[in-house]
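Construct the complete structure from the given sequences, taking the supplied hints into account.
From first to last, the protein sequence lines stand for chains A and B.
Residue 417 in this note's numbering sits at position 417 of the first sequence, and the numbers go up by one each step.
Just add 426 to wherever you are in the second sequence, counting from 1, and you've got this note's numbering.
Quick caveat, the hints were computed from the structure, so don't treat them as lab data.
Honestly, I wouldn't trust all of these hints.
[Said to hold, decoys possible] Taking lysine-lysine pairs in the DSS-like style, the calculated list, with each CA pair at most 30 angstroms apart, reads:
#1 B:K468 / B:K495
#2 A:K189 / A:K2
#3 A:K20 / A:K169
#4 A:K85 / A:K20
#5 A:K379 / A:K23
#6 B:K495 / A:K220
#7 A:K297 / A:K189
#8 B:K473 / A:K220
#9 A:K220 / B:K468
#10 A:K2 / A:K297
#11 B:K495 / A:K297
#12 A:K169 / A:K85
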Amino acid sequence: MKLEIDNILINDIRLSDETKIEKGVLYVNPAELRAQLLEDPHIRDVAIDIARPGESVRIIPVKDVIEPRVKIEGPGGVFPGMVSKVTTVGSGITRVLKGAAVVTAGRVAGFQEGIIDMAGVGAAYTPFSQTCNLVLDFSPAEGLSAHEYERSLRMAGLKAAAALGEAGKDAEPDEVVVYESLDLMEGAKQFPDLPRVGYVLMLQSQGLLHDTYVYGVDMKQSLTTLLHPTEAMDGAIVSGNCVSACDKNTTYHHQNNPVIQDLFEAHGKTLNFAAMILTNENVYLADKERSSDWAAKLAEYLALDGLIITQEGFGNPDTDLVMNCRKIEATGIPTVLITNEYAGRDGTSQSLADADPAADAVISAGNANQLVTLPKMDKIIGSQAYVDRLAGGFADNVLADGSIVVELQAVTGSTNELGFGCLSAR
Amino acid sequence: MPVVHICTVTPISMTVGANRIVPAVAIPHPLGNPALPPEEEKQVRRKILTTALEALSTEVELQTIFPVK
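Structure representation (structure tokens):
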């Protein structure tokens, strides 16, 4: 399966009477987009705004971040099973508006949503201070349940990203990158002397607004399964999460998973990127046992020599992580884990809720409990009214000078467990 | 004094060092199952509780998980 990613480099977004790309600028017709999003009766209103790198702007509370894209060749469309028909993606050509992002925000669906600061201290902790963001600030219809609202917000973000992506059809790409994964037999023959390395992507699937969708399927309803890495890169996985902002994988993270990109980079040089396993993080112990059994079984079945495992979220998913590690290691296949830590504000507490001697190679994406003071911003998109109630916030955390104190937990993408960031710990 | 830990994620219960562990239903609803009709759910709840009481009155040498029958 071969996927060509055509990047159109976007360095600004401006509102206009036409949605188009010209000389690296994405022009958006807000009236047209607004009308399209308001077709959903669950959405009472949406305000469209722009946040650019370096501007004194805070976006709060942030639900999801999505990269605008369009499929111009090959089967399927963007976000299959959600926005497009449920056709297998991961081959052909996909155009990416690189440098642009859609950010969904507004009244919280769950109380675990995040902060993106475009300038100041906070900007260094979130990757989305570096993208030009089209921010959709939603107001829900009256009487909507949290689940209905989450679904509407999720779909609106995806629809908006798809709508903006359409502008990529008429633009020239600035760079082209090709990714290819072969079938099992050919892949094994291609680099027979290199270690066969696989990737286990754990997806948040605890329910209660902690969900991830694969081709439209709620991942908690799936057994552990296989996916071509290029499918993951091509929008097959979308976030429906309202979990702690620091370590949830937004849809943007799934579209740009650095573990997959780096494994492709190393493919044929130091390793043979052989397979990708997709698993969940459910709330029943039987599910945890079954899913981790399957991860180990598939790893063995695929004759892998090593596996990278990434977690999403924290708390009881630490057990899924450790179970995956322990069971895969028991088959004789070494693992490396990527996770983050909740080690207390002083960093001295136990980092994970579970542990095992088999977990002897762990990469930390930082301590989510670390406190950070975010300076007052000139402009707030959304509402700062919930800042004490976000996960990572606490009572009276707005200081006299207007700055706010939060744990890194509240900053979108700050301790991302795919390693999509700069934080680590030793 | 003996203590029973009723817990959904028993591996964490093991990690934190509980001696008598009884598996619960699920993290959002450890002691019940809202998917069941009330009468059946009552049976589930009763079984978990009686297992816990049995565990409480059982001598253990090592960390022990008492499966709910």
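Verification of the hints:
1. B:K468 / B:K495: holds (14 angstroms)
2. A:K189 / A:K2: Status holds; Cα separation ~17 angstroms.
3. A:K20 / A:K169: holds (9 angstroms)
4. A:K85 / A:K20: This hinted pair holds, its Cα atoms lying about 25 angstroms apart.
5. A:K379 / A:K23: holds (28 angstroms)
6. B:K495 / A:K220: holds (26 angstroms)
7. A:K297 / A:K189: holds (22 angstroms)
8. B:K473 / A:K220: holds (27 angstroms)
9. A:K220 / B:K468: holds (26 angstroms)
10. A:K2 / A:K297: holds (27 angstroms)
11. B:K495 / A:K297: Holds. B:K495 to A:K297 sits at ~28 angstroms (cutoff 30 angstroms).
12. A:K169 / A:K85: Given pair A:K169, A:K85 holds - Cα atoms ~19 angstroms apart, limit 30 angstroms.
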